[in-house]
Every structure is written in structure tokens, then in C-alpha cells.
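Participant: Going down the list, the sequences are from chains Z and H.
Residue numbers for the first sequence follow the working numbering, so the first one is 1 and each next one is one higher.
Residue numbers for the second sequence follow the working numbering, so the first one is 1 and each next one is one higher.
Certain hints may be false.
[To be verified] With a straight-line Cα cutoff of 25 Å, these simulated DSS-like cross-link-like pairs (lysine-lysine) come out:
id	chain 1	residue 1	chain 2	residue 2
1	Z	Lys99	H	Lys22
2	H	Lys52	Z	Lys99
3	H	Lys52	H	Lys19
4	H	Lys22	H	Lys52
5	Z	Lys42	H	Lys41
6	H	Lys18	H	Lys52
7	Z	Lys42	H	Lys19
[What the hints assert, rightly or not] Beyond 12 Å from chain H on every Cβ pair, some chain Z residues (computed):
id	residue
8	Asp17
9	Leu66
10	His72
11	Ser74
Just so you know, these hints were derived from the structure itself, not from any lab.
The beta carbon of each residue, even a glycine, is placed where N, CA and C say it ideally should be.
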Amino acid sequence: GESVGLHLPTLSVQEGDNSIINCAYSNSASDYFIWYKQESGKGPQFIIDIRSNMDKRQGQRVTVLLNKTVKHLSLQIAATQPGDSAVYFCAETIAAGNKLTFGGGTRVLVKP
Amino acid sequence: ETGVTQTPRHLVMGMTNKKSLKCEQHLGHNAMYWYKQSAKKPLELMFVYNFKEQTENNSVPSRFSPECPNSSHLFLHLHTLQPEDSALYLCASSQDNRVGGYTFGSGTRLTVV
């Protein structure tokens, strides 16, 4: 079946540097994508979303890029902080539906 | 707290036990979900409820039995589980099935012994 996957299981980054987390998706019908952050002992929290009619969307210190040609999604975190240490998931769906397909997750470790 | 409360936070049960997980949302949402999160596996959707009606059962074994008495409460009844069912069980809610509006609870860490 079609699925969402992540390239790197663990990302170590120096505090203050930028982080880039990548995600590949295979369902060409997906038109809505979301990044979630999951801290230890907590459920996933919404970070940012993007619709397929956009290539880029910015939030506070985070940017999501969507490349529909190669079915690739990325999350950029600027000036990574210790509080950014978590597992990050991408998820996809068809906006009209309610079934999210999650990727496997990438753990981000911020080194002081 | 995110507005979605799950109890208990941790549960250890034997394979012959019967237990229930509870989820309550205080957000006025009308859709609720159960997800399973295992080590090294993506989040797996189990059940979806819209306006108290089950709209999706993602091929979940019958030893997991959901119940949604109203739009604010969701239960997952467990019986005769297997050790491989040990996982973090997450509840989520949203308004009008808008996935961007998913709010997750903190989950119940289940260990089957």
C-alpha cells in the first residue's frame, strides 16, 4: 500500500544550528500534509501544515517545504533549541477525508 | 494538558485480564480517534468515530472493542490481549474531521504480560 516514510531515524544537531527533517510520500492523491512533534511522555502536537497548492509555508522558527514533483516534504527548524529535542512525524491525507497516514518519525537530539 | 485527557497513563495487564482505556475531550469536537504507537512503527489508526458513530475500523482485532457513548468520551475495552499489543495508545479529537485540527492526548502506555 502507499505510505509515508522518513529518510533519517535520528538527527543530532548543535544548539543554535538549523535542523532539516525530510519525509517522502508516495500517494500522489495526497494534498494536505502536516508535521507533528512528539516529546517524551506526550502525544503528538501539531507544528505546521501545508496544502498541495503551496510550496512553502513558514511559522515561528519553522518552515515546511513541499516538492510535489518528487513527492518530498521537509521541515526546517531555525536556531534549534534544547526544547526542540523530540520525535518529528510527517503525515499526509486527502483534505476531504479524515484518515492521516503517518511516517515513521525522526528523533532530533539537540547538543548543547 | 491539551484538552484531551487519557486515563490511565500507565497500565500493566495480564493476557487474561479485561481493562478499559478512557479518553475525554473538552474541546467541543465531534470526531474522536484511537491510534496505536509501537516502538519503531508509525502511528497506526485503529478506530474513527464521528458524532458517536464508528466510521472506520482499520482491521483491528476483536480483542480491542471501542465505545463512544457521546462526542466527548471514547473508551477502548481490552480483553485477552497478547504481549505484542503492548504499545502507547493515543486518543485524538478533531472538529468536522479536519485533520489539521487533531488534538492528541498524552496516551496510555500499555504493557501486556
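Participant: Compare the structure with each hint and give your call.
Facilitator: Evaluation of the provided hints:
{"no.": "1", "hint": "Z:Lys99 <-> H:Lys22", "verdict": "holds (21 Å)"}
{"no.": "2", "hint": "H:Lys52 <-> Z:Lys99", "verdict": "holds (17 Å)"}
{"no.": "3", "hint": "H:Lys52 <-> H:Lys19", "verdict": "holds (21 Å)"}
{"no.": "4", "hint": "H:Lys22 <-> H:Lys52", "verdict": "holds (15 Å)"}
{"no.": "5", "hint": "Z:Lys42 <-> H:Lys41", "verdict": "holds (17 Å)"}
{"no.": "6", "hint": "H:Lys18 <-> H:Lys52", "verdict": "holds (23 Å)"}
{"no.": "7", "hint": "Z:Lys42 <-> H:Lys19", "verdict": "holds (22 Å)"}
{"no.": "8", "hint": "Asp17", "verdict": "holds (27 Å)"}
{"no.": "9", "hint": "Leu66", "verdict": "holds (15 Å)"}
{"no.": "10", "hint": "His72", "verdict": "holds (18 Å)"}
{"no.": "11", "hint": "Ser74", "verdict": "holds (18 Å)"}
When the structure is compared with the earlier hints, no violation turns up for any of them.
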